[in-house]
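Novice: Given the coordinates of chain D, assemble chain A onto it according to the supplied hints.
Number of protein chains: 2
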Amino acid sequence: MTYCLALQTRDGLVFASDSRTTAGVDFVSTYRKLHVFQPAPDRFLVLFTSGSLATSQELLDRVNRDLDSPASRESLRSVSYLFEAAQYLGRLLTEIQASHAAFLSATGANGQATVIIGGQIAGKPAGLYLVYPEGNYIAASPETPYLQLGEFKYGKPVLSRLASEQLSLDDAARLAIVSLDATMKSNISVGPPVEVAIYRNGMLRLEHHLVMDEHSGLFQQMLERWNDGMRAAFDRMPRFDWEGK
Amino acid sequence: MTYCLALQTRDGLVFASDSRTTAGVDFVSTYRKLHVFQPAPDRFLVLFTSGSLATSQELLDRVNRDLDSPASRESLRSVSYLFEAAQYLGRLLTEIQASHAAFLSATGANGQATVIIGGQIAGKPAGLYLVYPEGNYIAASPETPYLQLGEFKYGKPVLSRLASEQLSLDDAARLAIVSLDATMKSNISVGPPVEVAIYRNGMLRLEHHLVMDEHSGLFQQMLERWNDGMRAAFDRMPRFDWEGK
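Chains as they are written, first to last, in the numbering used here: chain D, 1 to 245; chain A, 246 to 490.
No wet-lab data here; the hints were simulated from the structure.
Nothing here was measured: the structure is a model prediction, and the numbers come from that model.
There's no promise every hint is true.
EDC-like, lysine to aspartate or glutamate: derived pairs with alpha carbons at most 16 Å apart [to be verified]:
1. A/Lys369 to A/Asp287
2. A/Lys430 to D/Glu143
3. D/Lys185 to A/Glu388
Extracted from the complex, chain D is given alone in its bound form (with noise of 0.2 Å):
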């Protein structure tokens, strides 16, 4: 399973994910699920990917391979709009699972695969796309200033209290941090180490990228700050009637 996240504040936008992948409970491993794409310098994207890891595995192999090659009619490099680009993930989504659908489905697998686009091409805004495994798309809004993939769940809750596109970067970064927990917690299928990232608009590259482990010191510190606060959140209850003051 995977559990990715990103969120759009008025600054810029935060990436953040897991790093584990998972065929049963018996084929568990770690691969990285940020994928940074500067294919021209006009240009910055990230990309995540969830679902079926062959899909999602040939998804970037092809990207890349339209990045490679001057004949291809449309590539992260040729669109120019942000809805562009996850409308050609989109097609190449379907593409890829079309073209495995008659084996897969015969085994009862599955290829689906369900991307996030975000970035920002020099001279438009900053934005964040969830590309369908039908291929079509939805965008993040100041309403709903985020977007998941995998396991959304459990680390919604604290989004739908908290997140806002008035969050500075950092604090959305933080919350990202939160919402990965709340979902490490509760399905060991999703797990470290948590990979985030943060775009600041008009940058054209990463601010800041961090890789961090379940040993890491600032990782371990926020966790920890976090579950006090919960418990003092927690003791601080009003009591029922019957308890008295």
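Specialist: For chain A alone, kept in the frame of chain D given last:
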């Protein structure tokens, strides 16, 4: 959708549930999901159901008919152990589902329901059981002192963090409310009123039973205090190295 939750502590049991039932977003209704049975002075039982409302209602109707009829070969009155009550409910569940399976599967509908049963039979320890649609069951344990039904993921992180058999019953009830709140904020098909019941070991009746809607002062106070506490915890998170202290 439904979210029901039961916790077992050293002192007793806590039951909590929402009251929203949906058959599509255009058919939303309110049904209490917490059902209390005291079929004889030596026993006290609480039953939660989730899944098909039709199966759930027929289950309750059959449970009551078995209690009414002196001829019934098994009932909540006749069982000697809580696990036998779980087995009895499992048998009823599979019978009801099987009786409707042909017509339900023809329309693609799903008649499955899941049950939590908890309580105490005099002279034996209190307990909590979850009965699967397939008729088998699992019990809560000191290591995992809670069972959940329905839309369980959103409300689980706070349980993984704070649930313990050491909690006072009142704290366990507060934790259940926090877990329900996380779920209601994330899935609109889980909604108030919220029902919370506290059973203290040996009492053979409920010690407390609250039904709180969104206008309940205590409910609002609890959710506000929890929200404030979460924000305070978030504000106290450690800074990244690049932020300075």
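Novice: Compare the structure with each hint and give your call.
Specialist: Checked hints:
1. A/Lys369 to A/Asp287: Holds, at about 10 Å.
2. A/Lys430 to D/Glu143: Answer holds: lysine 430 of chain A to glutamate 143 of chain D is near 15 Å, not above 16 Å.
3. D/Lys185 to A/Glu388: Roughly 15 Å between the alpha carbons, so the hint for lysine 185 of chain D and glutamate 388 of chain A holds.
The structure shown violates none of the earlier numbered hints.
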